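Here the protein sequences come in this chain order: A and B.
Quick note: numbering that gives the first Met the number 0 has the first sequence finishing at residue 212, numbered continuously throughout.
Quick note: numbering that gives the first Met the number 0 has the second sequence finishing at residue 212, numbered continuously throughout.
Read the hints as simulated data drawn from the structure, not as lab findings.
As the structure is a prediction and not an experimental result, all values here were calculated from the model.
Be a bit skeptical, because a hint or two may be false.
Because identical chains cannot be distinguished in the list, a pair is counted as satisfied if it fits within a single copy or across any two copies.
Stated by the list, open to error - Think about it this way: if two alpha-carbon atoms lie no more than 35 Å apart in a straight line, the pair counts; the simulated DSBU-like pairs of lysine-lysine are:
{"hint": "1", "residue 1": "K167", "residue 2": "K141"}
{"hint": "2", "residue 1": "K141", "residue 2": "K26"}
{"hint": "3", "residue 1": "K26", "residue 2": "K59"}
{"hint": "4", "residue 1": "K167", "residue 2": "K26"}
Residues per chain, in single letters:
2 protein chains.
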Amino acid sequence: MRKGSSVGTPDEPWTSFTDRRGEREEKRIAVLRTAAQAFNDMGYHATSLDDIARRLNVTKPTIYYYVKNKEEILFECVRIGLEMLDTASTEVTGHGGSAHDELVAVMTTYVGVMTMDFGMCVIRVGEEPLTGESRRTLRALKRRIDLKFRDLIERGIAEGSIAPCDSKVAAFTLAGALSWVARWYRPDGDLDAAAIARQSIALLLNGLRPRPD
Amino acid sequence: MRKGSSVGTPDEPWTSFTDRRGEREEKRIAVLRTAAQAFNDMGYHATSLDDIARRLNVTKPTIYYYVKNKEEILFECVRIGLEMLDTASTEVTGHGGSAHDELVAVMTTYVGVMTMDFGMCVIRVGEEPLTGESRRTLRALKRRIDLKFRDLIERGIAEGSIAPCDSKVAAFTLAGALSWVARWYRPDGDLDAAAIARQSIALLLNGLRPRPD
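Same shape as in the complex, but just chain A (with noise of 0.2 Å):
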């Protein structure tokens, strides 16, 4: 998600060069995004490198120029999803707050992810269509955010703002809970992102019986 620095320095040909790498990487963004939007839509394998073309009205050497092949693309797309689900956790974490504070902040940008194309790439197809390191590299990511979310609800239940319960189950039903959204949620539909997420998570913190609260 980083766009190329565009700052300028007294140094001009440098400038020119960082401005260069800037807008090289910003495109390619443009073409990784369109690829998740096309792979959401269609499914990975339904949808080929000319479908991608097509979308961003360009020719398939384009799209060569700035990525090698379709399981780059779709490394690239499921890895950025996941480095946003895990910055999301890292941001709001170590602030003093209880962590009951901390795992709502995290949830609450989860859902957000969720809702965006490469967060929704994550769910709807993930790192299953690739092999061996690509499916590593991507495996680890998801290994470290379900270590986070558990050492969250850990730390929740040695300070009583969270009751006890096994931490992987429980990390495991909130991120299924949460990631669920990918799949369901629809930019047009009557529900928005931040309504989702206040509502799903409200139940997830409450439960289901009433309180007395």
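Given the coordinates of chain A, work out where chain B should sit on it, guided by the hints.
Showing chain B alone in chain A's frame:
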């Protein structure tokens, strides 16, 4: 999942015919189950009919005696998984229990199905690789299951056994949390299906926040 009837009748030729039909249906289910396992392990696109034949220790023509092609196999696997989910909810509802209790029963069976080959196939592969009528049929089945969840939640809210919430978001949140089991459950893991169901459902009922009761 229906095994052919093997109940005898005095009418011998008919009995044999019924037996043969029962046997064929049983073998067909065995082919489908083995295919579901292969799809769940390796992915739908990476699995060939040869792989399925090899797992069954039969030849490819034997497979064609039971099914037309790979698309039909996937359709049947996902259909059976969805029918199991649908039947589960039909069986536990309408016996005069509270909506809360019926929802717990439906959710418990749901998790059980998610740990079985056909149920797992609904989530790990699903109808996405299919097209046209097959895809529409499976989507309609999914929608029916979703609406049953919503109905139960709405009934629970009306009678006071479930806390007020948006039934659509709540149904998707529950379905997501429970469907996720199909992604992470390992038959050789340290948690069995019953323990996962109990803990996951307890979290959804009681919420993450400690309760005074």
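Original post:
Which of the stated hints cannot be reconciled with the structure, identified by number in ascending sequence?
Top reply: Structure breaks hint 4 only.
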